[in-house]
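Undergrad: So you can see what is in the structure, the chains are spelled out below.
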Amino acid sequence: MLTVASDTETLAIEPEADIANDDYFASQWTLMWHKFRKHKLAMVASAILIMLYILGIFSSFFATNEPDQYHQDYVLAPPQGIHFVDTEGNFSLRPFVYGIASDIDPDTWETIYKDDTTQKYSLSLFPKGHSYKLFGLFNLDRHFIGVEGEGKWFLFGTDEFGRDMFSRTLVASQISLFIGIIGVFLSFLIGSTLGGLSGYLGGKVDIFIQRLAEFVLAIPTIPLWMALAAALPSTWSSTQVFFGITLILSMVGWANLSRVVRGKTLELRESDFVLAARLMGVPTMKIIVRHILPSFASYLIVSISLGIPGMILAETALSFLQIGIKPPSVSWGVLLQTAQSPRALSESPWLLIPGIFVVVTVLCYNFIGDGLRDAADPYK
Amino acid sequence: MARYIGYRIFYALVLLVLVSMVSFLVIELPPGDYLSTVIAKLEQTGTALSDEQIAAMTQQYGLDLPIHMKYLKWISGFFVGNFGYSFEWGRPVASLIAEPMVLTLFIAIIIVFFTYLISIPIGIYSATHQYSIGDNVVTVFGFLGLATPNFLVAVVILFFGLRWFNVDLSGLFSSEYLAAPWSFGRFIDMMMHLPVQVLVVSTALSASLIRVMRASLLDELQKQYVVTARAKGVDETALLFKYPVRLALNPIISEFAMILPATISAATITAVVLGFPTAGPMLLRSLISQDIYLSASILMMMTFLVVIGSSLADFLLVTVDPRIRLDKSADRG
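In the order they appear, the protein sequences are chains P and C.
Position 167 of the first sequence, counting from 1, maps to 167 under this note's numbering, and the rest follow consecutively.
Position 180 of the second sequence, counting from 1, maps to 180 under this note's numbering, and the rest follow consecutively.
This is chain C alone, in the form it adopts within the complex (with noise of 0.2 Å):
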């Protein structure tokens, strides 16, 4: 057990440092830089800059530098909490991202949790009641979850939320909680606001989740010691949730590996149409103007929460199922 912590451990270091060269590059991809976003804009207001000036400023931001160099300046100070300078913002992007990513993993969990809160219950109703009204109606359900993308269905929420209740559901905080400090009543004002993209997002994941639970749980009920204990007389309800429930369990887990980064792109795409202060739309906005600290930083650390989150599923996984864990160093060779 010991050695397979070790190991799991291992991997995921690798694989952050693996996830933080590749952001990285991905943002250093696009042709120019931010610093001729900025000189094209002053350009166009009539302030030309001198060559001297330009250069002044390609060293301050570190521009010349060739990339790999760029990187290793990049990441070094990660250790030091310093994750480089926001050139739109004109702050450092350690103290710009902190509170949207706290934001954006505090909204993570609860999805991740209601999206399972729901998931659960339901393929077990479908699974015991196959082919039922109930069941049929999930199964359509989860196909049009499937396939109506996630910011349309929150454009239309608005839209409705508009139209007949007259209300603006968009925004996380209200406008006498914008700016203000946290407090316990703009903690309430946020809790407030969460339950459409909570909405939004988990019933758009649970429709996988649900055939996934439904689909173990059916090849569970149709196993021979289901059969015995059923003519042993046991319970049905006692007999269902003890041991088939239980062991159709595991591959909801494991499906948490997949669960994690479908969340956070879901939560992203739809925090842009709400309009919320979270990492999504600063990203989106920080890529459109390359401002390549912030957006290097924060695509790495929304990798980083699926990194650690899937190593923490599998510890779980590992601790509810012994079996895994020989499989996988089996597999492992």
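Pulled out of the complex, with its shape left as it was, chain P reads as follows (with noise of 0.2 Å):
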């Protein structure tokens, strides 16, 4: 039996070798991923993944705005198409926005927002903008994108203090989009050791780990997460509360991993390769980590993957019922706050937008477990 890490060795070793010749000499690691090349929603999922995921690591050099930024000229304006072309059917290369104009409803006294269209701005790449702090380390004023000039340019719109959406759900994605692997790393550790140890040694732990996994999977998550969030001081920092959530999280979590990881090991215990690390003395610990868990290492990342969109979508709940993560951090859960009231969103409907954005990462999520159940088995 191979260990992980000789595994990987191979797969750096030859990444691009010719598959046709090398299925036979290929490691199962290799194997796998050629399996997963060929389920294209995983690969398009994956693809979208590492985009948000780089969206938001790097959220404050893709922003066009400062994110905590009031707009008080531009409470609730809409999102900002881009052009390229202008009413007068001019063409231009560059794309441009618009100025916004704003107008003042005679009958219900709101304000509109209308595209002033003998105004234009220019976009530009890599402008000099509002200067922020990446990784709290580089002090940096340069954006991806941005308007030239005093134009103002919000692509998802703005809120109700006048903050620009777009920059915000960026910034919030750093806690949302991370808030579930964490969340799933805390729970893999718990249920991988609860699950090997309750499958490996049997007799009174399996029973008495086993009821624990089942009473936890009976309590209602929401109720129970909604408790324990609730429970958490209010005088925590951001960061604290962040990983306050994320340990509630994972405390549910941990019941389902850890029946799959039983499973697999109650298969494995009988296994002559831990037969023979047992008779050579090797501590219990040290056979399930070393020995048992790297041998169905393919099915834990499925479980893993499909865990993750869970841990997403309890956040923005918890987040979004103000329990969770709290102001002025921001998750996509807390920007969704503002999208309670159906009237504040019958007048503005991009408040939404930070939803489209959950969906779109649990979905991905889903298809690439899906990709990767298929591929966790390559001999098949």
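Simulated from the structure, these hints should not be mistaken for laboratory data.
Being a predicted model, the structure only gives us computed values, none of them experimental.
By construction, the Cβ of each residue, glycine as well, lies at the ideal position given by its N, Cα and C atoms.
Wrong hints could be hidden among the right ones.
Said to hold, decoys possible - Listed next, the stretches of chain C that the computed footprint assigns to chain P, with coverage defined by at least 3 CB atoms under 8 Å from CB atoms of chain P: (1) 74-80; (2) 183-195.
What the hints assert, rightly or not - Facing chain P, a subset of chain C residues (Cβ under 7 Å, in silico): (3) Met21; (4) Leu25; (5) Leu29; (6) Ala147; (7) Phe159; (8) Arg163; (9) Val167; (10) Pro261; (11) Ile264; (12) Ser265; (13) Val306; (14) Ile308; (15) Ser311; (16) Phe315; (17) Leu316.
Dock the two chains into a complex; use the hints.
TA: Spelled out as structure tokens, the structure:
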């Protein structure tokens, strides 16, 4: 039985080797990659996810406005389109946006925003904009794309304080995208340890851990999460709240994973290589971690990739109910709070855009999980 | 059989005790209590409480007891229908949560029923028409259903109701029935307000149930006995419903243990959006105001519903399929 380490080395040495001749010599991980590559939806989903993560990690670079800046004159302004052709039919290769003209509706006293076609502001790549700190280290003021001169550009419109929804959505994706990964990592640690012990030791330990998992699964998750999230002290900093919420999510998430691990461990417990290790006096935890877990790592990866979307949805729900991530830190759920009332929504439907990001992310993870599931057993 | 049922009931009882402990512990976790919230509020308005007043209130609410005493005091009241006192509402919890809990249970039953009602036929269709346009549509819809947060769907439906039909779909009762006592008219009015939530939650839940039904029926359809029956000329529809469908239903029934907590979860959050006077929104509010006996009671009752429900489902499953009884007793060793 090969260990994971040597498998990944093989993968690293011959990443672009000729597939046809190579299948007989390829390691399991290479075969999995070949099979995964054939799953078109999963490949597209991976590409989209990678893009989302890049947008999230470098959100301040991609942001077109300062995410926390109030634009009092542009409260609840609708999204501004990008144009190539102006009203006179002149085509310019360089995209531009129109200025925003605001007007008061004489009947309802609501502000109406319109394109001011007399003003055109070209978009440019890598313009200088508001200064920011990348990763809290580098002071920068260059952005990916921005509008020239005095123009304003709100790609996704603005919220009720006139803050740019596009920039806020990007910043929010940092928390929303990473809470799933960290949460699943934590539940993976808990779940694989407990599941491994449960399956390997059997007997009373097994019964106890399995009953514990059943118990956790029996409690309806949202009410339990609500109770736990409400228990977080209000004095906590946003970083503490972030990790608190992550911990809460993984306290429930481990149960399913532990059952997968237990089932597989039960199978492998009787195998020769485990017996050999035991006879050589390898400690129990080391047998589980070094020998048993790696042999079904592919199944674990599938469970993990399918666990992430659940966490993202849960965080969104909790933050939406105002007991998850709290302002000033933002996640997609926090941004969706403003979309809670249908009346606000009927006047400014663009407040729902963060919701589209949630759906797309979760869809992508599900597709990738599907692709991984098909690839997990490449010999089939 | 009797032994199995006995074991299951004993197990459910142990679970219930554990649930009550965990509910109480979770609710007791946060630092501070309702009293400190009240004092802070009073001080904001300029009324300072003397130390004696605070001490008296602490004793009145039993807030000075250690946690296990508080738990015992709270749980011992259960047997006489006393669930403690809600600080925020100034009423006994029992009278406060009775109606919301019944409503929650009622709505949950409708949702579960409706979920199964749509999942089974669609699952059968999907399996018998694998990779057809209809099957692919169902698959896409299923993925979307899994990916979209329930509350978002609810918000969007409310939004379209308002924009296209100019009707406010939120709330469980029309204004004229809001404070009215129960009557047939009020019941009908409530039923008219239910479809949005039932639709939102059961379509979301059926997404996974359809997958299970489809997969298990596909497994059955490949088996030898189906081929044999077909070769003997059994009518296709009769064959389908007489054997494979019945066998494929088993995983669906055992999914019930997952569907019920999921229903309660999803109904909780959509009820907040829709402004229903059910247990979910009440739980949220009591959690925020640290109304401990109220929130602990709701959390516990919700979990009770789930534990009792899944025990019933287990009995049902055992009755339907004796193989499971044997499997399980072997598994439990």
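Undergrad: Taking each numbered hint in turn, which are not upheld by the structure, reported in ascending numerical order?
TA: 1, 2, 3, 4, 9, 14, 15, 16 and 17
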